[in-house]
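Line order of the protein sequences matches chains A and B.
Numbering of the first sequence is given in the numbering used here, commencing with residue 1 and proceeding in unit increments.
Numbering of the second sequence is given in the numbering used here, commencing with residue 1001 and proceeding in unit increments.
Derived by calculation from the structure, the hints in this document are not laboratory data.
Treat each hint with caution, since some may be false.
As the list claims (entries may be wrong) - Dumping the calculated DSSO-like pairs for lysine-lysine here, alpha-carbon to alpha-carbon at most 27 Å: (1) B:K1145 x A:K387; (2) A:K387 x B:K1156; (3) A:K193 x A:K136; (4) B:K1147 x A:K193; (5) B:K1153 x A:K228; (6) A:K228 x B:K1110; (7) B:K1153 x A:K387; (8) B:K1147 x A:K100; (9) A:K136 x B:K1147; (10) A:K165 x A:K193; (11) A:K100 x B:K1145; (12) B:K1153 x A:K165; (13) B:K1147 x A:K316; (14) A:K316 x B:K1145; (15) B:K1145 x A:K136.
Spelled out from the first residue to the last, the chains are:
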Amino acid sequence: MQKSRIGRLTAAALGLSLIAAACGSDEKKADTTTADTTAPTTAGSAAAGGVKCDGVTLAFLGALSGDNGALGTNMINGASIAIDDFNAANPDCKVSFDTKYDSQGDPAQATPLATTIANDTKIVGLIGPGFSGETKATMPTFETAGLPMITPGATNAALTTNGWKMFHRVLANDDKQAPGVVSLIKGIVKGTKVGVIDDASDYGKGLADAVRKGLGDLDVQDATIDPKAADYSAAVTAMKDSGVDVVFYSGYYAEAAKMVTQLREAGVTATFVSGDGSLDIAFAENAGDAAEGAYLTATGAPPDVNPEFAAKFNKKFGTDPALYSPEAYDAASVFLAGIAAGKVTRADLATFVSAYDAPGITKNIKFDATGEPEGSAVFYTIVEGGKLVSKGLIPA
Amino acid sequence: MTFSTFISSFWSSTRDGLIVGSIYALVALGYTLVYGVLRLINFANSEVFMLSAFGSFLAVRMLGLDVVDNPVRTGFALVGVMALCLVVSLVIGGLSAVIVERVAYRPLRKSNAPRLVFLISAIGASFAISEAVGEWGFPFIENQKRKEYGLTKFFKREQLFKVFGADIYDSNVIVIVGAALMAIILVLFVSRSRVGRGIRAVAQDAETAQLMGVNVDRIILITFLVGGVMAGGAAFLYELHTPYARFDVGFLLGVKAFTAAVLGGIGNVKGALLGGVLLGLIEAWGSSLFGADQNIGTIGAFITLVLVLMFRPSGLLGESLGRSKA
Chain A
1 MQKSRIGRLT AAALGLSLIA AACGSDEKKA DTTTADTTAP TTAGSAAAGG
51 VKCDGVTLAF LGALSGDNGA LGTNMINGAS IAIDDFNAAN PDCKVSFDTK
101 YDSQGDPAQA TPLATTIAND TKIVGLIGPG FSGETKATMP TFETAGLPMI
151 TPGATNAALT TNGWKMFHRV LANDDKQAPG VVSLIKGIVK GTKVGVIDDA
201 SDYGKGLADA VRKGLGDLDV QDATIDPKAA DYSAAVTAMK DSGVDVVFYS
251 GYYAEAAKMV TQLREAGVTA TFVSGDGSLD IAFAENAGDA AEGAYLTATG
301 APPDVNPEFA AKFNKKFGTD PALYSPEAYD AASVFLAGIA AGKVTRADLA
351 TFVSAYDAPG ITKNIKFDAT GEPEGSAVFY TIVEGGKLVS KGLIPA
Chain B
1001 MTFSTFISSF WSSTRDGLIV GSIYALVALG YTLVYGVLRL INFANSEVFM
1051 LSAFGSFLAV RMLGLDVVDN PVRTGFALVG VMALCLVVSL VIGGLSAVIV
1101 ERVAYRPLRK SNAPRLVFLI SAIGASFAIS EAVGEWGFPF IENQKRKEYG
1151 LTKFFKREQL FKVFGADIYD SNVIVIVGAA LMAIILVLFV SRSRVGRGIR
1201 AVAQDAETAQ LMGVNVDRII LITFLVGGVM AGGAAFLYEL HTPYARFDVG
1251 FLLGVKAFTA AVLGGIGNVK GALLGGVLLG LIEAWGSSLF GADQNIGTIG
1301 AFITLVLVLM FRPSGLLGES LGRSKA
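Chain B on its own, in the form it takes in the complex (with noise of 0.2 Å):
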């Protein structure tokens, strides 16, 4: 244990751990929903994102601007790029989410399949799409078979201001503010909205919600809908922060996001939104506590979910997605 170097780096770590845990929390929001209304984990849920991630990057390209090695942009036109790419990431993100429940769901719900036929169709498809990525690559972007892409690169760095002697750089603020933001419009979205509504009354008895007239076809699909479109936001802020992305980029990352979902009760919103971020800052934390292995970060959250399962099994804030308020 290095004291000293926790100590020392203290609000830096916080720093990191605040960065990759807002990632983790918005990509965590999917499993948490989809798990609300079907009870599925929805593995294909980090290859949503890891789509996401390379579809601003296949825009870009597209429209043949040169932002990979040449990220000199300034005012509205880098505003423009950001814009046009967080737009692009999101549509990726809820269409190939859509497209996951059309094709590898509900062909199955509709022939009521057992549950375990769901995991394992949900396991399929992530590979499957994983894998055919690694494979065959994205149109208009040399295929590096199953290597790594530098993503776009917006713009260069620049530091803005220390928070007790830790470095915040300019794409830290976007992405901890972005993150922030996208989940209070969903914790809105899901308390306040008519389709909010529906969203839990799904998750609380899909049967009844039936009677009562809501669609539950429909609810599902959107649920999945802003499930993807949370992982096409995080992807997009994921590419602000770490401009790298392969094939696989989703499989560590949906691993814990879904251990954040859990760890903040899963089918709870705001579960999961606490579980990313703890996630996050106990990775940073460990880590840095034991001589910046990034391994044993990792070591470190899991542990940490083994311990608050063993006293609290449902989570931090429980399960109930439909009981809960929001």
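Pulled out of the complex, with its shape left as it was, chain A reads as follows (with noise of 0.2 Å):
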């Protein structure tokens, strides 16, 4: 509802916006479409014996700027691995990686820029869009442009149901999440009163929903923020009166951060829980001594779950890879083995993907009919001395 109130005011801005975007994104393209020649071979890098892929290009569209911006960081790091490897191997065919497309999260910024990278013909692949919102908006673009796409973060479940024959993602949906939180709150953290806050977010209201849902009776109070304002009182106030042991906030790390501070400053108590969105160190940073304590699911894997692309993460970008990271790295696997199979016309790339079946550095990598992983692994993290410590899958 907050987008259609500033989409009144804002056809300037977004104009404005956009251009200050592009133009703020230049260097990151430059830096991730280096390859770095020295990286070895890994399980995700195909060998291309004589394909031509003159031009050839994956995109990304995700934020990459604004409050969440840091998630798409992670994403497009993670694939640029997986892209850099490609090209170390394959000194002949050489795959560019457009990563100029900053969504900031908004789907309505997301949807010209969708229309950008449908037109651009050199694109035969699309690494996102990395949240649901956005998703949603930009589907039907690329669906009627037959390019197919992978998103590693998108993780709304009614997704799947629109009939898109381009859509598939590479982690477990929000559905496969909400059973996980449950047990997290009833088993883990032995909740007896849970208060549920959501967003607002195509994302947040459809995990807290389904967390309403599998709570039940343990679920006594509700409460829906608005993320693009800073003050939670209603919420917050709702909770304290409420007298709650657990909140769970469906939502993304920036208003998850001011959530937790501001529930702690209220007297708050209960214990904090969140989902995937929230599951980044800046969650930690921001809200300091209000964050210990709080558990993070995510169908996601943990970022170091592979020791080999954790290793060449840190050489690359000197921090460790982050949440969405090798879920990105994944989907650039699938489309890359793809070139090197000589697919890189979109309709034959589409083809491709949806035959798939190899392993992937999170899991095995296969899609149903509706663009679904296998699978439905739930995992937990507890922020601990400011840090996110990885407490492995959730018992069902």
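Please assemble the complex out of the two chains, which come individually in their own frames, going by the hints.
Printed below as a string of structure tokens:
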């Protein structure tokens, strides 16, 4: 709803910020398309014998700036490792990676970018969009263009109910995360009165509603925030007055950090639980002491799932891989395997992706007819000493 | 509808509404004063608020005071830092409003541009300022590129007392009392001072006022200055309550403050104050009534605006700045 309110007044601002965003990410593009020739070949990269791939391009669409920009950067960095490896192994078939499409995670800003991507025939595969809302808004464009996409982060369950042929994701959807969250709250946190807050986004509300259903009578207080606002006193007051002992927040890390801070300031001591949108070190950094002891769940694999990938990532970027980096690596690897097999048109690549069945670094990658991946594991993490400490699988 | 939540949280929601409402009210003054003298909606007022919110943060950064993560300061040091930040916020608010007037409006006034052009210029100034801050940030502050900045945390909040079961924190008291003081000073300024009389005269009839020896350009400049200072004060109080800001922090708040001004009767100083507090309360009560949904609170506020305008097209207290006593 706030999107439309903004949309109403801001056609002009949109244009301005698009120009600005495009200018701003040029340097990132240069960085990620430079092949790291010293990188060794890994499981994800394939040898392309004699394939012509002049100008063949993969693109990324998602939030690179704005409050949740860290997640998009995690994805680009993960994917760029796979592309670097591929280009190093195939000096005659270099794949470009176009990373200038910054949606800020906003469906309104993603829509015109999607049209640009669809019209650029050099782009044969899309890694992204990063979030569920922008995926919902842009899929019709990619569907019409016949551009296969693999999202490393859009987990809204309803996305696969639209009959889209081009849609694929490499991680389980929110409906599969919700039972994990419920098991965590019942079995590990042992909550007796739970408050559930969502951010009214496609992702946040989808996950929160599934959790509310799963919790049943345990859910005693609901609340919804406007993520564009910074003051969440309505939700905080509701949580405080209902005396909950667990608060589940369904949204992204920037708001989660403010939420947990405001809850603690208001004297709410309930255990804070949140989903994969909050699983970012920035959550712990922004919230400081308030985040201590918070539980975060994810269908995404722990970022350090593959040591070889983690080592390469750290070598290139000087930081450890973060949420969705391994998924983006897997998404890129699927496309690269297709390109190596000579599928350098959108139609060929789409057919290839649909039939793909091979191990990735997070799990075995195989899509069903709707584009959902196999498997439904939910992992959890606790904030300890300002760090995200991965605790492994949530027992069902 | 969740009546049980609404009843059990009534006083806490009232507190939340009063806090937000006081901030709306102060920002609404900027819209209403400028509308009164120029018949112009100064959309850039929300950016004046935003610049002020960053301004005091900038000041503590320049002085090298680490107050973001380390809010342990007591006694005179605390009062000193807060006073400094308040002054910087007020100065930046007033100064940026005056610059906006000089750059975006005065040239148009000199060339007798049609009213619509002023409106476009206002919207343009608003976006230009906000996007420039989003892209380039501020000197002395690490550029977060459109992300949110954590602002100054002056002290760790302590609960002072309870009112009908609602916890009242020290910061709550400062926000509400601070806003009330600023509002009283402004009302007195407009109704009692010589300059205030000038503002009312220009609002009533600019041409006649000029014939009577009022320097209209100067009065307009002062009106922007006063509106900007109010936005600066609002920004300081906002920072106490919600220590976060980003380049578009003024947008939604500005829309709501403008709504508050219209609700109370645009051009009417007391109307803006009443409208602001009322809007804050309706939002808080509305969201509490509908399952603590902040978005429904916002909808409720705008529905109220429509209803009020249907029956009282000139707002609750009527439009005129010139004719009303204040």
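Outcome of the hint check:
no.	hint	verdict
1	B:K1145 x A:K387	holds, 24 Å
2	A:K387 x B:K1156	holds, 23 Å
3	A:K193 x A:K136	violated, 34 Å
4	B:K1147 x A:K193	violated, 34 Å
5	B:K1153 x A:K228	holds, 21 Å
6	A:K228 x B:K1110	violated, 38 Å
7	B:K1153 x A:K387	holds, 23 Å
8	B:K1147 x A:K100	holds, 18 Å
9	A:K136 x B:K1147	holds, 24 Å
10	A:K165 x A:K193	violated, 42 Å
11	A:K100 x B:K1145	holds, 15 Å
12	B:K1153 x A:K165	violated, 50 Å
13	B:K1147 x A:K316	holds, 25 Å
14	A:K316 x B:K1145	holds, 23 Å
15	B:K1145 x A:K136	holds, 26 Å
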